[in-house]
Each structure stands twice: as structure tokens, then as C-alpha cells.
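Chains A and B, in that order, give the protein sequences.
Sequential numbering from 1 applies to the first sequence in the numbering used here.
Sequential numbering from 569 applies to the second sequence in the numbering used here.
Please keep in mind that the hints were generated in silico from the structure rather than gathered at the bench.
All figures in this text were calculated on a predicted structure; none of them were measured in a lab.
Treat the hints loosely; a few may be bogus.
Claimed, not checked - Just a sample of chain A residues kept apart from chain B, beta carbon distances all over 12 Å, derived:
(1) K76
(2) V132
(3) T150
(4) R274
(5) K310
(6) D314
(7) K338
(8) R389
(9) A401
(10) N421
(11) K431
(12) T442
Unchecked claim - Rough simulated footprint, nothing fancy, chain B against chain A, three-plus residues with beta-carbon under 8 Å:
(13) 97–106
(14) 155–168
(15) 241–255
(16) 290–302
Just so you know, even glycine gets a beta-carbon here, dropped at the ideal spot from N, CA and C.
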Amino acid sequence: MRPVNRTLPIRAFSVLLMTGLLLAACAQPTPPPQAQPTATEQPTQAPPPQPTAPPAQPTETPAPAAENVLVVGLPKADTRTLDPHRQYEITPPQIMRAVYETLVTLPDKGATIDRVEPLLAESFEISDDALVYTFKLRSDVKFASGRSMTADDVVFSFKRLGNLQDNPSWLFNDHVASIEAVDPSTVKITLKEPNAAFLSMLVSPNFAVVDAELVKAQGGTDAENAKEADKATDWLDGNSAGTGPYVLKEWKRNEQVVIERNPNYWRGAAPFDRIIFREIPDDAARQQALERGDVDIAIGLDVDAINRLKGNPDLNVIVGNTLDMTYLAMTTNPEMSKELADKRVRQAIMYAIDYEGILDGLLGGTALHIPTIIPLGLLGTDPALAPKRDLEKAKALLKEAGLEGGFTINMVYPGERKMSNVILADTLVAKLQEDLAEIGVTLNVEPRDATTWRADYRAGKLVATIADWTPDFLDPHGWAPAFAVEGASAAKRVYYVNKEAEKLALDAAKITDPAKRAEMYLKLQQIMLEDAAFVGLIQPKVQIVASAKLKDVIYNPVYFLDYYFMSR
Amino acid sequence: MSLVTYFIRRVVVTIPLLLLVTLLGFIITYLIPADPLAMVLSERAMANPQIVQAYRERWGLDKPPHERYLTYLGNLLRGDLGESIVTQQSVAADIARYFPATVELAVSATLIAVLIGVPLGILAAVKRDRLIDHLARLVSLLGVCVPVFWLGLLALSLFYYRLQWMPGPGRVNARLDLPPTVTGLLTVDSLLAGRGDVFASALHHLMLPALVLGLYSMSLITRIVRSAMIEVLQQDYVRTARAKGLIERVVVMRHALRNAALPAVTAVGLAFGNLMAGAVMTETVFAWPGIGRYAVESATKLDFAPIMGVTLLVAVAYIVINFLVDVSYALLDPRVRLS
């Protein structure tokens, strides 16, 4: 027998324990240098194309035949809350839309986005100076609780939105001077300054009208100290207080949201007994669940997967235009880059980019070419404005600037990030690098962790980069001032100053005539093309794959899908 | 020394270490040149001073860093893990929500690993250099090498999509009404509520991810048991046992296995560490609402309180696991004393 050292195992385990603790310490606190290997970044691991038509019957035990259940497969959900006056993430609006409603909505089941029509309001009136908005409310609207909606509910809801001082509160606070219930069916909103875009903001689910009595009973308040005093959010995370076709039944974080039909719905009962929004973060897994029939709609599948699914007769691919965009930003600050501070150089770069190669080649036609910074589809936009690749012109411009010998630009970009959710930043940057090389411009690229990249870009420390912009509301005013007004959130990052552009961006919101406004936005875009501080690259289309049995699956960029109109 | 005092001593020794971990975590989170508010607030909200101010106050970010750390530490010593900026819930509530799902997965994975890994290791050692040994070594080599997310996707594609033997991603059939949460372990809760349908669905959903997650541990255990058994089987007392005329089964199971058990127990303890890392991937592929995804989410959003909460949880889990390993040493080998 070998002699045994009695203390050895214990000692060995002290060492293991220390290692364990160190592992534990190392394992969590820092984000890994690269983005997390989330599902969207593993396209190569997706299963090979399926040779046979996939089976259609669900694996899960089917629900009792009488029940009409819709299951929606969501990608990783970013939901922080389901309180309509606090949520401002990507996932919640489609759920919010099913349980809450707004004074105005988009026509044609959400398919038209450049004007609005009444929903909870019966009619509205806007003063000629775009300062006073008066809404006459419908008299037949009931909350899910059975109570009738009055002007007081609207006032409570909007004030709560503002006074919570949460993510979307600026929608109210930045614009509204006062709101009052003139009588039980009339609401009058006076703005701080004329703003023709305000009406389109009211489509946003953040302007949801909630049952004031119910929310107050759950600790809610619209008082000025609501940011500390309001306690209704916990309740609203698991219940709803709206007028919508569905009511919120359950939210299990990182798992699913369940909504059920509102039996008291004022426009007539909704088609589904229940809708389950199930989170399946992995793209391939979500695709399989769709093909197996375990989910009826899959959101956020990647382009390759969707192309494979296009031949499947049991499925429909629904295409819609988003208002997202990816753009190239170049500094105008001579202290950061004396080359780029010359607008001829920025123009040269704009003309050197192979837009067709990006949109058709890299993205397979799943995106539009956004001319500058206002997405197509909005008032005052025109696809014909978009610049075309012209290498001769680009070279001539460089020569004019005395840079025909070429020069180098440092570009810091968010490594591994999916720009506008459709293309890896690294792929896009490599393409730009290739394109610019053709006019002798060397792009020195440096990927960086998204958090530090964003901080540096916001602080105006980057010479050139690519970035995304997501819509806040459906009016060019959501974009124009941010990019064209000196010191505004996007303009300041590249030190962009052009007083003419600034004046147009501000004045276009002060008049109500759509034709005149459109003209001003067109003019603004021409100036911004000339200045070329921001070069529009991509305005992605969204592709949703749904069971062919579903009717009226219509995408819109504000609340994604409207589950009231959808049926099976 | 009694078990209890031994455990308490172990815990006391690790407290300074845990405090150091919180300090390091805080410094690292603080040094990253990005504002945690920018992770949760939109561009518009970030441009609005009132909203930013309200958020800074709400989350204590308006205070100087040392004060924030001391506040955190003070709360921690009172057992308060703080609040998550992202989920806007207390970290304790978040952990209570997500941890059971991971425990259910990790325990099942370990169970599978032990139940397959130990016999396979023994078999491979006894039939050394024969076909079964080569197969066992191949399987365990693959199990250690293959990335878990890839294996997960492959398993889903084969057993869910093609063969239709297994249910898809998720913890349970989404269409079922679930019993009230008692332990958070769905299999246990469904049994407590007498809901056979939920239990069956939960168990069915558990099998594939647990198998995928357990494969690494299983491979590790197989390899360690095999080499330990091979070493023990060459010892003199095994030859003596055989010389006494004992049947081979008794020699292997009673004489050899008991002595080879110590390294196997070590392997199980070690494997647990890998489970935490593997859980992140498995939870993503199988849409499992567990602590791994919560940890990753918190880290990418620079959400300090949950980052620390999960770190401390994992550290404590390590202490407990290592303690259990030590205790089982003492039980398995009478010569080992806890001291």
C-alpha cells in the first residue's frame, strides 16, 4: 500500500477553491472584448438547407380545438417594462399596440405611414400656426375594465408620460406646454412652439391612453413628482389598463408574454383567444420552430434563412420598409482631419461608394438606398436624390482638393455589431475599405467594443465611423434637426454646421401645409448631400416569415404588427 | 471538527476574497469608458437633461464613485444585492427568477454526466484497448472539444426538426397553463401541484439541453474515471483480490472503484465550473430563461449590481460545491479528516 498524505486532498481543494473563486471573479464582471456570441452572429452554424419539405404538424401538444392561439417567435427581447409610458425598447410596441390604443393611428391597417387618421379620437383640429391641437373623443370607447373613456383619462395618461421622467418622457415634455380636458369628450393640447410633427408622435404607443381610475388604484399618478411617487409600473408589467383588443395576461421575463382577447373591445372582438409572444433568441432554433408549426410568425430571421424559406408553400414572407438607417459619418472638424474638413473630399468619398454592391450584393436587395438622413417613405423624400457611384467625379474632386495622391482615414467602428440588424459592421467596413481604395483613399479600420465606440462617437472623438439611427416618430422632424442643427445630438458628433440647413430643419416643422413642408425637406436634403458630412448607406427592409394560413400580416415601422387585423 | 464549524470556517475564510471580488468588479465596471445610462436610455432621452438627471438620481449614479461603492457594500452586508438598471428589478428577485431554471438544467446535466460518465469510464478501463475503450475515448474527446452551441444547434436540428422526438426550444409547452411558482424548478412545482401534463412537458423539454450541456462533464468524468481505474487496477491489492479468487465484478466494483472514486468526485466538482460557462450557450440555443443569459445581458449593459450579484452567486456556488466535494472525500476515504 502506498502511504497516503492525509492533508493533501484538503490542500488541493483549497487551491481549487481559490481557482474557483478566481474563475468566478473573472467570469463575470467584464464584457468580453468582442460582442457576445449571440444567435445572430452564428449564421455559419445554421443547419444546411433542408432538402425535403418540412413537416407541418406541431410537436407540442396541440391546444384544445376550440382555442384559437397565435404563437409569435421573437428574437432576444429587450423589454425592460410593459408600462406604456415607460417602455422605449424595440420589442414592446407590438405588444403595447395590442393592449393599448392612441388618439390617432396609421391608415390602411398600418400600411400607410405619411399621414394619420383618428382612432380613439373622433376628429381633430390643428390651429393654423401648428400650436394648438384639439381632439374630439369617440363616445363609444370602453376600457377592458368596462369603464368608458373620457378626456380625463387622456389628460392623466399624457401627463403621466411626461412626469415619470423616464425614457420616452421627452415626447411630452419637449413639446407640450399645457393639456386640458375642455369637456368630457374634448382634449386641448397647446404646444411650446409650433410643431407640425406632433400629430405623428401621437401614433406612438407611448401616448397610450390608460384607464386613469385603474392605474391610480394601482399606485399610479400623473402628478409632477410622479418620477418618485408613481408605483404602478410593477402592476402594469403583468396587467394592462387599456382600450385595446387584447389584455395583458402574463409577462415572464426572458421567456414569454401572453395576451388574451378583450371581451369588451369597442370595435368588436379580436380574432385570437390568446397570443403568446415567445422569445427564442437563437435564429436557427426559431426558424425550426416556425417550420415545425410551433410558432406561427418568426421575427428577426436572417436573410439566408429567409431565402431558404421562400420556397416553402406553408409560409409567407412579409416584406416592409423600416425607418431604420445605417450611415457613414465624417468629421468636418479640421483639427481632427484636415482632409475630411474639406467638403470636396467628403463628396469624393460619397461618390466612391459602391451602393449597388452594398444593397444588391451584400444585402441581396433587402434594403433601400437612403439618399441622406431622412428615410424614404416619409414626407419630402425622393429616391432619385440618392447619389450614384461615379469614380471619375470622385477622383476629380480629390484632385481639386489637392489629394490626388491619396491619403489615410482612421475609422473606428463597432466590431461584430449588426448594423440596422442586417449586416455585420465588419463586412460593411471591409466593403467601404475596398471602394475607397479605388480612389486612392486608405481606410484604416479599428473595431471596438460597442459601448466604448458609442461613447467616443457621441463625444465627437471619431474622425469617421458608421452608425445607425432608429426612428422616434413618423415625421422628417424626427431626423432633420438632430442632423442639421448645430450642436444637436447627431450633428455635434461630426461638428456639422450649416446655418441654411439648420433654418430649414427648424422652420419646416412650424408650418402645417404638407406640400410646403415637403419642399423644405427636399431642399434640406440637397444641402446635406452637398455637405456630405453624413452619407446614407442602408435603409433595411424588414422580413417577417409567417404561416401562410395567417391573413393581414402587415408591417409598419411604429408598432411593427397590428394583431387586431390579423386573423387565421 | 464538526461539519458545521468546518463549513463556517470555510465561509469565513472566503469573505475577504468575496469583498475583493466586489471591489475589482466595481473598479472594472467603473473604468470602462462608457455610461451605463447610455445602455438603457435612447438618444433622445440622453439629450434631455431632466430625464438623465432623474435616472442618475434614481440609480445613485450622481454620487462620487467611492460613495457608490460604499453604499453598495453597506447594502450587500445587509443582504441587499441592489437593483438592476436594465430590468428595474431587485437583483435578488432577478436571481430568484432565473437561477432555478439554470439549477434545473445544471443538475440534470450533472446527473446525466455521472450516470453515463462513470460506467463508461469503468468499462473503458476494464476493457482497456478494446473497441469499447476506443469508442469511449473518442466520445469523450469529442465531448470535450465540440463547442456547446454548435452541439446544441445540431441536436435541435436532428432530434426536434428531423426526427421529431424532442420538443423545440423553451422550458415547457407555451400553450400550457403553469402551476404556481414554489421552488422555481418546473419539474418540482408541477409535481407539487399534481400537474402531470406540465411535469411531462417540462421533463421532455429538459432532456435535450441537459444532454447537450452534460456532454462536456460526462466526457471529463469518463476520462478521469478511466485513468484512475486503470491505475488502481494495477495495484497490488487488486492482484491480491483476484488471487483470492474473487469474481471480477466484485474486484472492479468493490475493491477498485472505491479507490478510484476520489478523482471522480473531483471531476464532478470541476465539471460544475464548466457548466456555468456552457449554460450561457445552452440557454441561448434552447431559449432557456436562466441565469447565464441574465449574466451576459448585465455584462454587455454594464449593469453593476447584477454583474456582482451573479459573480457572488457563482462564488458561493463554488464554495458549496467544493465543500460537498471535501465532505464526500471524508466519507469515501476514512483516512481523510476534515481539518
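Exercise. Which earlier hints turn out false for this structure, listed by number in ascending order?
Worked result: 1, 4, 13
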